[in-house]
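Participant: In case you want the letters, here they are:
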Amino acid sequence: MPPQRKVQAETNIVVDRDANKIMLTRTFAAPREQIFEAWTRPEHVACWWDPAGFRLVECEIDLRPGGAFRFVSQGSTYPFSGFYREIAPPARLIFEAMGSLGKVALNVVSGKTVMTVTIECGSSAQLDQFVKMGVDVGTSQTLDNLVAYVGTMLQ
Amino acid sequence: MAIQGVRTEHLDRAFSALADPTRRSILARLAAGKATVSQLMEPFELTQPTISKHLRVLEVAGFIEHGRDAQRRPRKLVALAFKDVADWIEPFRRQWEGRFNNLDGYLATMKKKER
Chain A
1 MPPQRKVQAE
11 TNIVVDRDAN
21 KIMLTRTFAA
31 PREQIFEAWT
41 RPEHVACWWD
51 PAGFRLVECE
61 IDLRPGGAFR
71 FVSQGSTYPF
81 SGFYREIAPP
91 ARLIFEAMGS
101 LGKVALNVVS
111 GKTVMTVTIE
121 CGSSAQLDQF
131 VKMGVDVGTS
141 QTLDNLVAYV
151 GTMLQ
Chain B
156 MAIQGVRTEH
166 LDRAFSALAD
176 PTRRSILARL
186 AAGKATVSQL
196 MEPFELTQPT
206 ISKHLRVLEV
216 AGFIEHGRDA
226 QRRPRKLVAL
236 AFKDVADWIE
246 PFRRQWEGRF
256 NNLDGYLATM
266 KKKER
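As you go down the protein sequences, you meet chains A and B in turn. Residue numbers are given in the working numbering: position 135 of the first sequence equals residue 135, and the series is strictly consecutive. Just remember that the working numbering sits 155 ahead of the position in the second sequence, which is counted from 1.
Below are the DSS-like pairs computed for lysine-lysine, each with C-alpha atoms no more than 27 Å apart in a straight line:
no., chain 1, residue 1, chain 2, residue 2
1, B, Lys231, B, Lys189
2, A, Lys21, B, Lys208
3, B, Lys266, A, Lys103
A few chain B residues facing chain A, derived, Cβ under 7 Å:
no., residue
4, Asp167
5, Tyr261
6, Leu262
Since the hints were made in silico from the structure, they are not lab data. A virtual CB, placed ideally from N, CA and C, is assigned to each residue, including glycine.
Generate coordinates for the entire structure from the input sequences, incorporating the hints supplied.
Facilitator: As structure tokens, then:
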């Protein structure tokens, strides 16, 4: 196996305000079986879920339809918690969290895995709340960032 | 409550304007500098009425404005409109980007342990 090449950071985000939906897409070199496992076993999730890279202080997964999960980051106010709805390895994982529906889809495209995480909310207000939740507020953006942002939406 | 309603409505309009790929391309072109309708027609191979229609949507959403030059009316970006959209989504995007970067790195170590 050749060493995994690090492509430039590229998570594509699409916001559909009409359907109150956010779609995040990212391509990985790893096979989807492995990515599915990384999403569904607590010893794995604990290692990557926190955006800043700290190990989760709590990570519980009851992997069955209706089973609960709970991810707690170091020093965070909000745990990320909910219930699993559908577990279909290695292609699909569906869960409910904070009043929204989360779908992880793993598709093989030209030997790589394209992961799409869709977050569906019931209303525009709920979408706003989901976006703000657990995210630092007050970061001011420069025009450069904005142009870069439009750039990411173009892909 | 009222203020939040207005803000949400504004974001709805902004995102529905951004939902169209041609309009996003027009914005990307304008990010490089202002341009007139005829300057925009060339690269996009669109008719003048079609370009004008897209420009109107972008204008209503607050993303662009006319220049002062009455003849050519070059369009340019309104930085503030992007700020609203970016302030709303950018921290969220970064949070998930960080998460997926970690996952990418972690997948590599997972592989090593297994083999």
